Amino acid sequence: GESVGLHLPTLSVQEGDNSIINCAYSNSASDYFIWYKQESGKGPQFIIDIRSNMDKRQGQRVTVLLNKTVKHLSLQIAATQPGDSAVYFCAENITGNQFYFGTGTSLTVIP
Amino acid sequence: DTEVTQTPKHLVMGMTNKKSLKCEQHMGHRAMYWYKQKAKKPPELMFVYSYEKLSINESVPSRFSPECPNSSLLNLHLHALQPEDSALYLCASSQEIGRGANVLTFGAGSRLTVL
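Chains as they are written, first to last, in this note's numbering: chain A, 1 to 111; chain B, 1001 to 1115.
Worth double-checking, as some hints may not be accurate.
[Said to hold, decoys possible] Among the chain B residues that face chain A by a calculated CB cut under 8 Å, a handful are: (1) GLY1028; (2) ALA1039; (3) LEU1045; (4) ASN1102; (5) VAL1103.
Calculated directly from the structure, the hints in this document are not laboratory data. What you are looking at is a predicted structure, and each value in this text was computed from that prediction instead of being measured. Think of the CB as a built atom: it goes at the ideal place given N, C-alpha and C, for glycine as much as any other residue.
Isolated chain A, as found in the complex (with noise of 0.2 Å):
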């Protein structure tokens, strides 16, 4: 599959900061998008999702921005807490049933 990358491995934060994760993707075709967050020996957790047909979709803290213009994807935790340390995926549908999975970014809050 084609790579959807992260601009940051790792992103440190100060609790009570909003956090901002972003993630590139490079296949035009995708149009549904998903971000995980991974905890230390868990499965990947869906946060939040958003269609190719959206710019914006907010849920409980999270808000995730698609530019489908420069094919960028961020997710923004507000007032970061230290149980949002984790690692945070994003994932391209390419098919039906073809997700791939970004690089990842390793987000530490820092109490």
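Please arrange chain B on chain A, whose structure you already have, making use of the hints.
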């Protein structure tokens, strides 16, 4: 039940052994997946089953053999593995609604060490 259960959690095997990884879900999902994840790397797609039929094989070596006995179960049979096959093997499932709606639900993974 909103879980994907994988067994065993840990497996150590020699290069001549034959072992299997098992995955089970009771969410009524009709698509099931195997991913391989090396340390500090993203999950890599291996196989996809849709309605119990193999629909995607990402050019995985034949020493990995998937099996889907029924819509709730997915196995990965391992034979003559190499040390570089040591990794976390993740199972996932999803509904088969169609493109743009198949959210993957992952299990906790089986950590495999090949000696």
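Tested hints:
1. GLY1028: Since the shortest Cβ distance to chain A is 16 Å, the answer is violated.
2. ALA1039: With Cβ-Cβ at 11 Å, over 8 Å, it is violated.
3. LEU1045: Result: holds, 7 Å to nearest chain A Cβ.
4. ASN1102: 6 Å, holds
5. VAL1103: 6 Å, holds
Consistency with the previously given hints fails for numbers 1, 2, ordered from lowest to highest.
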